[in-house]
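Engineer: Protein sequences, first through last, are from chains A and B. According to the numbering used here, the first sequence is numbered sequentially starting from 1. According to the numbering used here, the second sequence is numbered sequentially starting from 1001.
Calculated directly from the structure, the hints in this document are not laboratory data. All C-beta atoms, glycine included, are put in the ideal place defined by N, C-alpha and C. One or more hints might be untrue.
Quick look at which bits of chain B chain A covers, simulated, 3 or more residues with Cβ under 8 Å [said to hold, decoys possible]: (1) 1065-1073; (2) 1097-1105.
List of simulated lysine-lysine pairs, DSSO-like, C-alpha gap at most 30 Å [to be verified]: (3) B:K1101 to A:K242; (4) A:K242 to B:K1162; (5) B:K1127 to B:K1183; (6) B:K1127 to A:K242; (7) B:K1183 to A:K217.
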Amino acid sequence: MDSIEARLQFIQVLKNLHKTLHSVLSTSTAATSVTAGAAVSPQHKFETPDPIQFYLNNCKEHYEDFHLCMLDQMEKMDPLDRVTVVLYYGKIMGILNRDSAPIPQRIVSQFMLPSLATVFQLALPQGNTESLANLTVCLDMLNILREEFAGEQHSEVFRSVKEVVHQRMQFKTELQQRYLEEGTLALSADPQTPQPVSKETVATTLGRMELDRERHKRSKEQIWVVERPNHSILNAAEFEQKWASTEPLNEFDMAQIRHLTNLARESYLI
Amino acid sequence: MSAQFEMQLYLSRPYLTRQQILCAQKNTIHDRRSYNRKKLLIIKFLTDLTLQLNLPRKTLETAIYYYQRYHLFNLFETELCYTVATSCLVLGCKQAETFKKANEICTLSLRLRKMSNINSEVLDAFKKRIFQIELRILESCGFDYRVNNYVHIDDYIFKFGKTYALDVNICHTAWIIAYDVLKLDLLLTVPQHIIALATLKVACKLLEKPENLCSQYEMGNTDRDLINEAYFSIINFYINAFDLCDLKDNLPSYIPPISIERFMVLKANSGPEEGLTELTESDVGSDRFLEEQRQYSVRERRYVLSTDIMRDEVEALKISGR
Chain A
1 MDSIEARLQF
11 IQVLKNLHKT
21 LHSVLSTSTA
31 ATSVTAGAAV
41 SPQHKFETPD
51 PIQFYLNNCK
61 EHYEDFHLCM
71 LDQMEKMDPL
81 DRVTVVLYYG
91 KIMGILNRDS
101 APIPQRIVSQ
111 FMLPSLATVF
121 QLALPQGNTE
131 SLANLTVCLD
141 MLNILREEFA
151 GEQHSEVFRS
161 VKEVVHQRMQ
171 FKTELQQRYL
181 EEGTLALSAD
191 PQTPQPVSKE
201 TVATTLGRME
211 LDRERHKRSK
221 EQIWVVERPN
231 HSILNAAEFE
241 QKWASTEPLN
251 EFDMAQIRHL
261 TNLARESYLI
Chain B
1001 MSAQFEMQLY
1011 LSRPYLTRQQ
1021 ILCAQKNTIH
1031 DRRSYNRKKL
1041 LIIKFLTDLT
1051 LQLNLPRKTL
1061 ETAIYYYQRY
1071 HLFNLFETEL
1081 CYTVATSCLV
1091 LGCKQAETFK
1101 KANEICTLSL
1111 RLRKMSNINS
1121 EVLDAFKKRI
1131 FQIELRILES
1141 CGFDYRVNNY
1151 VHIDDYIFKF
1161 GKTYALDVNI
1171 CHTAWIIAYD
1181 VLKLDLLLTV
1191 PQHIIALATL
1201 KVACKLLEKP
1211 ENLCSQYEMG
1221 NTDRDLINEA
1231 YFSIINFYIN
1241 AFDLCDLKDN
1251 LPSYIPPISI
1261 ERFMVLKANS
1271 GPEEGLTELT
1281 ESDVGSDRFL
1291 EEQRQYSVRE
1301 RRYVLSTDIM
1311 RDEVEALKIS
1321 GR
């Protein structure tokens, strides 16, 4: 693949991230290697290609192009959509960091880490109230990355990112304060003063609601899947996994079983 | 000019006693041996589908409940039973919230039955049949969404195990026994959490561990008859149909070997066999819900979930002078 084609394909991948990324992230995240190129989640058949796998398969030759594309596309995206790129970026950084080969290490140290602050700034633009919805996700990603990149040499990078995030958190608190005091979020001298709702905003909002609904549906689609490698309904591994993940009875469970017992008694009509 | 208007109103009764089940089945199952034989094949078929589709056990359990429920009120026909089973699985997936496209389930079902040449026409005709039967299944269950949604046998084995700090081996054994339970009519009789408790009770006895969990559960509870009904049904199954059970072929290493005699000893030491109170045969026979064959010719058929609504409907009819 030549550079232009790689860029075009990657831009498509980025544009479809909101659809494809969450199905990938919700499945088990086994670290993959760039060289092996094995599928992260072989049990699912996606109509669109797995975005993380696409990056890993092609980054050896095109990492510079991809990096520029990511930042470029982020700028063009609506701030609320940019958070998917943050997740994507963070996930890739984690996978590449665990690969000790020279190229992945170079990608991380010379490209991804230095631009981390820019990525966060794009996801949380200054003064933009809507993008504050991205804060929790960004904070979680920051904490995950801090754990992954715990060394001294990275502390400078993470300090600047932390600054950005903390600034936005302060802004958010200020807004909440103002709402509590004045009952309104009207920011008079602010360039983002609310304007009459345009058709485009309505269309974007409805589009976003539809995407959220799709994503929620897709996240629930695979949540119950039970892999049984030895093709037996009495597979011990399935038992172990369920045993490890089940919680004791809670109030809701007790209410359910009381309800069912009553149903049964009424049902016998004795 | 007056016109007659017929309407049927059914109260949903998701659980029935053994006598009540037999009464209902008098209308629908004319060859009991064939039904029982086919049921085992169907369970195997549904298990295969479950494995291929990576579905959890709760979906399988729901599908089998529907299969058994369908045959309480609809004639058992040998040539139709695989189609009914597929329909049960399609509905079961929806109820247990493990969604799978109907196309996928239907194609797999046809393939497992070694149908060749599955083109779109064949598939469409099959799907049409599936959805017709799905309506019958829903009617046989009274459209009752309250059952088979949150409480499933295997989930509750784990929950009870964790709550009462049971040994993991007991739960593992109970989990295996719970698969055998699907071959009984017990699913139609007692709620799933009761079956879970009964399987744990059997497991405790097999592993010769003190079984105080039922008394813990029963403290302040009056469900002993339900648990006993389930417990003795399971023990009797192992005594009468030991060759059909999966427990013997999947016995974990920590259990001493099992046999019919072992279960007979267990039964002998379990006290009087008192399960659910049954009505007399004549009383059961006069229960129109069970005695009368379903009339699908009546165009308006309504299903309600509580006796209050039933009462209101009847009052409303009286007032309107119908």
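Engineer: Does each hint hold? Answer for all of them.
Structural biologist: Status of the hints after comparison with the structure:
Note: the stretch 1065-1073 of chain B has 0 residues with beta-carbon separation from chain A under 8 Å; the three-residue rule is not met and the coverage is violated. Counting residues of the stretch 1097-1105 of chain B whose beta carbon lies closer than 8 Å to any beta carbon of chain A gives 3, which meets the minimum of three for the stated coverage. Between K1101 of chain B and K242 of chain A the alpha-carbon distance is near 25 Å, which keeps this suggested pair within the 30 Å criterion. A C-alpha spacing of about 11 Å is found between K242 of chain A and K1162 of chain B, which places the hinted pair at or below 30 Å, so the restraint holds.
At roughly 27 Å between alpha-carbon atoms, K1127 of chain B and K1183 of chain B fall within 30 Å of each other, so this suggested pair holds. Distance check on the hinted pair: K1127 of chain B and K242 of chain A sit about 34 Å apart at the alpha-carbon level, beyond 30 Å; violated. Under the criterion of a C-alpha separation no larger than 30 Å, the hint pairing K1183 of chain B with K217 of chain A is inconsistent with the structure, at around 34 Å.
Comparing the model with each numbered hint stated earlier shows that hints 1, 6, 7 do not hold.
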